[in-house]
Amino acid sequence: MTPAVIDDTTLYAVLAPFAAAVVAPFLTRWLKHNAAWPLALVPALIFLHFVGFIGPVSQGETFVAAKAWAPSYGVNFSVYVDGLSTLFGLLISGIGTFIILYAGGYLKGHPQQGRFFSFLFLFMGAMLGLVLGNNLISLFIFWELTSITSFLLIGFDHLRAASRRAAIQALVVTGGGGLVLLAGFIVIISATGEIEMSVLLASPDIIKDSGLYLPIFLLVLGGAFTKSAQFPFHFWLPNAMEAPTPVSAYLHSATMVKAGVYLLMRMHPLLGDTVLWTTVLPLFGGVTLLVGTILAVRQTDLKLMLAYTTVASLGLLVMLTGTSYEKALEGAVLYLLAHSLFKGALFMVAGTIDHEAGTRDVTKLGGLRSLMPITFAAACLASLSMAGLPPFIGFIAKEILYYGTSDISALGQLGIMVTIVAVVGNALMLVIAAAVAIKPFLGPEVETPKHAHEGPVLLIAGPVFLSVTGVIMALFAHTTGVWFIGPTLSSLLGEFTQIDLHLIPTKINAPVILSFITVGLGIALFTQLDRMRSMIASALDAIGWGPDKGFDQAVSGIVSLATAVTRVLQTGKMQTYMLLTFVFTALAVLLPGYLSGSFPALPKLPEYRFYEWGILLIAVLGLIAVLIAKTRLTAIVSLGVQGFAVALIFMMFGAPDLSFTQFMVETLSVVILALVMTRLNLSPRDHRSLASSVVTGVVAVAVGLGLMLTLLAITQQPFDSRLSEFFTEFSRSIAHGRNIVNVILVDFRGFDTLGEIAVVVLAGLCVLALIRIKTRPSDEALAKSTAGQAEKQTVEAR
Amino acid sequence: METGVAILIGLFFTVAVYLMLSKHLVRILLGIAILGNSVNMLIFTNGRLTREIPPLIPSHLYTPETATANPLPQALVLTAIVISFSFFAFLLVLAFRAYQELGTDEVNKMRVAEPENDPTPPQGY
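Just so you know, the protein sequences line up as chains A and B, in that order. Residues 173 to 970 in this note's numbering are what the first sequence lists, from first letter to last. Residues 198 to 322 in this note's numbering are what the second sequence lists, from first letter to last.
Hints in this document: simulated from the structure, not taken from any laboratory. Please read all numbers here as calculations on a predicted model, not as lab measurements. The beta-carbon is built from N, C-alpha and C at its ideal position, and this holds for glycine as well. Don't take each hint at face value.
[As the list claims (entries may be wrong)] Here are the simulated distance ranges between beta carbons:
| # | chain 1 | residue 1 | chain 2 | residue 2 | range |
| --- | --- | --- | --- | --- | --- |
| 1 | B | 321 | A | 648 | 51 to 59 Å |
| 2 | B | 259 | A | 836 | 45 to 53 Å |
| 3 | B | 284 | A | 243 | 44 to 52 Å |
| 4 | B | 311 | A | 733 | 13 to 21 Å |
| 5 | A | 800 | B | 321 | 52 to 60 Å |
| 6 | A | 772 | B | 258 | 35 to 43 Å |
| 7 | B | 321 | A | 650 | 54 to 62 Å |
| 8 | A | 733 | B | 284 | 33 to 41 Å |
[As the list claims (entries may be wrong)] Here are the computed lysine-lysine pairs in the DSBU-like style, where the Cα-Cα straight-line distance is at most 30 Å:
| # | chain 1 | residue 1 | chain 2 | residue 2 |
| --- | --- | --- | --- | --- |
| 9 | B | 306 | A | 380 |
| 10 | A | 802 | B | 306 |
| 11 | A | 745 | B | 220 |
| 12 | A | 721 | B | 306 |
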């Protein structure tokens, strides 16, 4: 079905958060933290806009809208609205509304709260642009924008080194992955000639038939796995918990980290259902699920526990997407929705506890249920959904995904493996859910750093709403299926599908049994939580190395390498710089000519008259005299000799103006040199060791030889005299001058001469400034100490 | 016609580079002066050499009677001579002042901008 073209409102919906980002700081200066209320209207209105799409999209319709951005490159700012992008659009704007409110309460009184709102809105716009992006290049730009805004948000508390490290780490991993993705997109564009996602999706086999499937698959995976924190790139996500909690709840659980999953789902019709896809994705997803849950058990910090389960959930989503089996994909979509709701809520709960009790260490919390009853209720609802218990959306998600993976007839061995991993992962997920909901709230009351009490309405609105939504969606399972899950699944499959969801399983079958096993295993493991924690901790200590540490080693390795290279190349000694410069000059003039064989074989012997030979000989003698001069005066005079010889050569070849100027300039140079040099006590000769003489000599000869050969090669080519002929022909008729050289200087190229005069004036001013500048006391001391050092060194050398 | 001058220019460049690779400021300055001449002659010769006939137009004509020397490189070199001279004068005074301030004419001992034992950059974040 070809997408229908709609008006530009959706484009403006993507841009609206960027406008809000500009307004937010001013509004916050005026209204303080209450600015959250009007600001939250922006995502709320965007949400309503996307609600309007639910009806037509659930009927299988799709839409596009576009504005030309850089048309000469085929880059458009374009959106593609289907089930998948509608679901993501609703999640981003819906959760975003409550995150803005939550940020209002969480950072109340923070001096940079306006800036924080601004960053959040920038991210929101980037994320909307990403999930709606139709044009591959604009999709990439929004993809990288989410990395950059994520960097700003993680590093928001930039005075702490841990924040800075986490921010850089996230940027390097996700931004680097983005570049890999760009490479993938470029390969797609050059292999298929198409740049719009909707066009690509219209012919699903276009990439598989292009012959470049493997590189495209690997490059896209590189982008998706880094963004969605798949093992071994998972380490940046827990570290990103250094960000303020609204950021963790929004970016690092509900939205941004799902961008990778989004990409895999979006490209599933194009890349999915191949042997490679159903091998690599379940493998990495499964490993990520297990590693995530095991590391989550190890943590005692509420946010870190949640962060590792986010890693695990992303692994689960990738694993399910990797099966390419309809029912498992349906489970993935349901779990995606459920996870965004309960994880967003739980993060906000963790933040509220931290905000009100002063700690989020689970071992230092207890008995908060009576002090924070509403938060407790929200935590319970969200945790039960996470644990996969009825009547919550998490339960339906788990049922469906088990239903999909346990279908042995369709998936075979892969299904068995995936099911086992999913059961273990979900059981551990239940353990964490219980730990997060029960430990801080039940049990005896514990003394906390701050006297705990219920949070303000800004802080509890989000968790309550999101967790209640999880219940409502489960109770109206059929509607949820028709409105959200079916259309999204259609996007994954590339064909319109309708589904029928039920909260209560119709019969006792494999999924129900697997659910009982999961719950039983989870409860059993929960009783052993403390023992598991210490066991995992000691196991991790035994290993002692992880990708996180590896990142540090890589960074310090790069710094050391850069330092070493700098030490070699930037020695601080001018001689080294000069030598390197001339070595490369020699290579630059010698190598190309040598390799292309364009140097002349043997130059013809010149037929000069005897006095011409004489002038050349004078020049040579002058040069040699400069080289071997033992006293300053000899050197200066010899310099004058070669300069006058050059003037004579100019004269010899019909350039009296040059000759005249050269005589004047050489005379002046000699006079000034003599004036300055007699005031200095300078060494008349330079003492080079034999080795140094040979090296510098070889370099000098190489440069001279190279330029000579180049010049000979050039002069043996035919001469293009068009410019010279132009000047000769028009010098008199247009510019009314008979001396062609002078006419070129003052008329045809008058501005060049003006520039030349400016250079001369500037040089003169600089000389004047240098002479008149007084030595400052500190400079004098420095000069003395440097001179002293130099003297000492000379003495030591002797 | 150009071959002999081209060989001479090669020699000019060789001497200039050899002098510029010295430790002593004075020798480097001499090298720069010669380098200026080398480059000027290089440009001049690239425009081909013609003996003794300057690019002038007789008063009764609108174009020269016979083929003349190429005027274009001459114009370029005329500019270059003046600029290389002002550059040379500036460098000369700069060297003079550097010697006054630092008390040495040996370039390897002029380490104000890049002192020895510069601390390594921080390894943290």
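Hint check results:
1. 321(B) x 648(A): 51 to 59 Å: holds (53 Å)
2. 259(B) x 836(A): 45 to 53 Å: Violated, at about 31 Å.
3. 284(B) x 243(A): 44 to 52 Å: Given a distance of about 47 Å, which is inside 44 to 52 Å, the answer is holds.
4. 311(B) x 733(A): 13 to 21 Å: Roughly 20 Å apart at Cβ, these two residues keep to the hinted range, so it holds.
5. 800(A) x 321(B): 52 to 60 Å: Because 56 Å falls inside the window, the suggested range holds.
6. 772(A) x 258(B): 35 to 43 Å: With Cβ atoms ~38 Å apart, the hint holds.
7. 321(B) x 650(A): 54 to 62 Å: holds (56 Å)
8. 733(A) x 284(B): 33 to 41 Å: holds (37 Å)
9. 306(B) x 380(A): violated (65 Å)
10. 802(A) x 306(B): holds (23 Å)
11. 745(A) x 220(B): It holds: about 10 Å lies between the C-alpha atoms, which stays within 30 Å.
12. 721(A) x 306(B): violated (42 Å)
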